[in-house]
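Trainee: Sequence:
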Amino acid sequence: MRLKRTVYIGELNKSFIGKEVTVSGWVLRRRDHGGVIFIDLRDRSDLLQVVFEEGIDPKVHEIADEIKIEYVISVKGKIRRRPLGMENPKISTGEIELVAEEVEILNTSKIPPFSLDEDISEVSEALRLKYRYLEMRSLGGLKPFIFRHKINQTIREFLDKRGFLEIETPFLTKSTPEGARDYLVPSRLYPGRFYALPQSPQLFKQILMVGGVDRYYQIVRCFRDEDLRADRQPEFTQLDLEMSFIEEKDIMEVVEELLSYLFEKILGKTLSTPFSKISYQEALRDYGTDRPDIRFDLKLREISSLAENTSFQVFRNALKQGGVVKGMKVSSIFSRRELEELTQISQELGAKGLAWIRYQKGASSFQERWSSPIVKFFEPSLLEKLEEVFDLNEESATLFFIADKEEVANFVLSELRKHLAQRLNLISENTFSFLWIVDFPLLEWDEKEERLVSVHHPFTHPKEEDLELLEREPLKVRSRAYDIVLNGVEIGGGSIRIHKRELQERIFKLLNISPLEAEEKFGFLLTALEYGAPPHGGIALGLDRLIMLMLGKKSIREVIAFPKTQKAQCLLTGAPSEVKVEQILELHLLPGWERKAMVR
RNA sequence: GGGGCUGUAGCUCAGCAAGGUUAGAGCGCCUGCCUGUCACGCAGGAGGCCGCGGGUUCAAGUCCCGUCAGCCCCGCCA
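Under the numbering used here, the residues of the first sequence are numbered -14 to 585, in order.
Do not take every clue at face value.
Stated by the list, open to error - When the alpha-carbon atoms are kept at most 30 Å apart in a straight line, the in silico DSS-like pairs for lysine-lysine are as follows:
no.	residue 1	residue 2
1	K262	K538
2	K135	K234
3	K4	K44
4	K115	K538
5	K115	K552
6	K461	K262
7	K250	K135
8	K284	K539
9	K461	K284
10	K4	K(-11)
11	K250	K539
12	K390	K370
13	K234	K448
14	K485	K159
15	K433	K506
16	K337	K305
17	K565	K159
18	K(-11)	K128
19	K549	K95
20	K115	K53
21	K75	K539
22	K433	K461
23	K305	K370
24	K433	K494
25	K254	K234
Unchecked claim - Derived DEER-like restraints, expressed as beta-carbon distance ranges:
no.	residue 1	residue 2	range
26	P519	G559	43 to 53 Å
27	F156	L91	31 to 41 Å
28	E5	D50	17 to 27 Å
29	L460	I251	38 to 48 Å
30	G196	S317	50 to 60 Å
31	I131	F156	22 to 32 Å
32	S350	I330	26 to 36 Å
33	E238	E475	15 to 25 Å
What the hints contain is simulated information worked out from the structure, not anything from laboratory work. In this text, all values refer to a predicted model and were calculated from it rather than measured experimentally. Note that the Cβ used here is the ideal one computed from N, Cα and C, for glycine as well.
Turn these sequences into a full structure, and let the hints steer you where they fit.
Mentor: Spelled out as structure tokens, the structure:
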């Protein structure tokens, strides 16, 4: 390399006029006029017009003639004010240009498979992933990653000030039952044995608390071998933290302060704290989901007792079968066609149908206010009650009802709620509504496995006041867990942990984990709890999701440098790939390894 | 494991409902011209396994079946 860069393009401004600089980067565009050639040169920071004039040096002009798009070049020359009327207000360096005196082609480039000049987001994602480096190189292509870098730096700065220690935990660790499917790593030295990649550093951070660390955090990769979604990748990053000698509100405060600091410093947005907090039960009752988007209202209302008094068989049958009737008011009216479409959406989500009532206040008589195929099943007094329950005081509105098992009604209405909010433009863009969900049940019944399983994880502390219910009515026990939801997306969850062996053993027993298995899988934790484990708790925030939301992206793939496709492939490298037979043999993965393992 | 959308030139897409001439457009690419452009312009040109396989038909980009890939979702994700 003959010409060494002296300055980033982004640093250039009018004060450089007359000065000699060398810039290095990639050719975005060239405009060839024969005698004069313009090249828009781009580096990580910005874009600059370089001018090659024939008169200056014929050799330089000859080289400039060969330069094509995406060639890597260094150019030395003087910064000059652009001639009057030739400024380009569209680019930040539009008042100046670089007059090339020397040029060096550092590398050529094939014609890129897609234009790096236009809006890259229009290009199919598969192609962008295969050529991720080209997408990154395009104008603004690094933005999400620069943003992410700032987030990481700011998190570290904040937590360091608060006395948190960043401590790394192993990736090659132990497979644990419960939770997601593990990624396994075969052990070469121990035939038939496997490491597992961590689903989270949960147990290690608890052990760190026993170790007296007191305040721990880590920006850490986690691995879960489950199916992918727009907000789920097999490897993802958590901001994991844990504190000793604290209660729920201490964790919530730290998180609220951290998020406020991040939003203020990086987005210039002031969050109002404390964040809203509702119980799991309220969330389900009012929104039908444990991660409601509260940027808009549209609360659900249960009208089971009212529905019982109608003569509408659909409602009555649902109730007879132990179901509920829940509804939602929308301050708009819909065409028949739209209502049919909404019904179809509801059915695709699992409802048998969607009942609706159109309400128009201005109608001449009470009866005419209500129009719906089902309104004939309602006595006037019931309609009056509906008016009350749904606080009908607008000019026109539509009520939607689902009659079904509670879970179905909740699920369908919560999805319908999101759908309608979007469709009716009820979501104000660029707002960030945080919400804590608390008082989760500790346990739930798993139909398939026919046993109790943890809602959060087996190390979650039950509420003190519910402890006596543990064995008697385990499903009524609430936990000391909390989730944090941003705009309807779960961005984190945590809990106060069990710090006494005896309670931990009781929980394992409830989960149908035998003492033997508990010892085998979690013995190291149980032992640690016996040596003076302090009360502790923590939280993990899904960093990919948080950054996605902060940037207004629809998928975490947009904020991960090299993400996997929905079928868990890396289009850049081709992983997962086949390996040599030798490697498989060495890892004892061929049939028969069990026997070898037993012989050992 | 299941449901939905998509797959046509290097890229973005039209054509498919209702099968029928040589499969089009914009951008990009190639050659030439051009000393003030900035998505430069002008003239000319190249470029297609219509994802893949099978079927129906005189005839398939278009209809049917299967399959693969990308995306969205359900299940799954303590």
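Trainee: Give a verdict on every hint.
Mentor: Each hint tested on the structure:
no.: 1; hint: K262 to K538; result: holds, 26 Å
no.: 2; hint: K135 to K234; result: holds, 27 Å
no.: 3; hint: K4 to K44; result: holds, 22 Å
no.: 4; hint: K115 to K538; result: holds, 20 Å
no.: 5; hint: K115 to K552; result: holds, 15 Å
no.: 6; hint: K461 to K262; result: holds, 21 Å
no.: 7; hint: K250 to K135; result: holds, 10 Å
no.: 8; hint: K284 to K539; result: holds, 25 Å
no.: 9; hint: K461 to K284; result: holds, 25 Å
no.: 10; hint: K4 to K(-11); result: holds, 16 Å
no.: 11; hint: K250 to K539; result: holds, 23 Å
no.: 12; hint: K390 to K370; result: holds, 23 Å
no.: 13; hint: K234 to K448; result: holds, 14 Å
no.: 14; hint: K485 to K159; result: holds, 22 Å
no.: 15; hint: K433 to K506; result: holds, 22 Å
no.: 16; hint: K337 to K305; result: holds, 15 Å
no.: 17; hint: K565 to K159; result: holds, 26 Å
no.: 18; hint: K(-11) to K128; result: holds, 25 Å
no.: 19; hint: K549 to K95; result: holds, 26 Å
no.: 20; hint: K115 to K53; result: holds, 22 Å
no.: 21; hint: K75 to K539; result: holds, 28 Å
no.: 22; hint: K433 to K461; result: holds, 20 Å
no.: 23; hint: K305 to K370; result: holds, 21 Å
no.: 24; hint: K433 to K494; result: holds, 19 Å
no.: 25; hint: K254 to K234; result: holds, 23 Å
no.: 26; hint: P519 to G559: 43 to 53 Å; result: holds, 47 Å
no.: 27; hint: F156 to L91: 31 to 41 Å; result: holds, 37 Å
no.: 28; hint: E5 to D50: 17 to 27 Å; result: holds, 23 Å
no.: 29; hint: L460 to I251: 38 to 48 Å; result: holds, 42 Å
no.: 30; hint: G196 to S317: 50 to 60 Å; result: holds, 58 Å
no.: 31; hint: I131 to F156: 22 to 32 Å; result: holds, 26 Å
no.: 32; hint: S350 to I330: 26 to 36 Å; result: holds, 33 Å
no.: 33; hint: E238 to E475: 15 to 25 Å; result: holds, 20 Å
Of the numbered hints stated above, none is contradicted by the structure.
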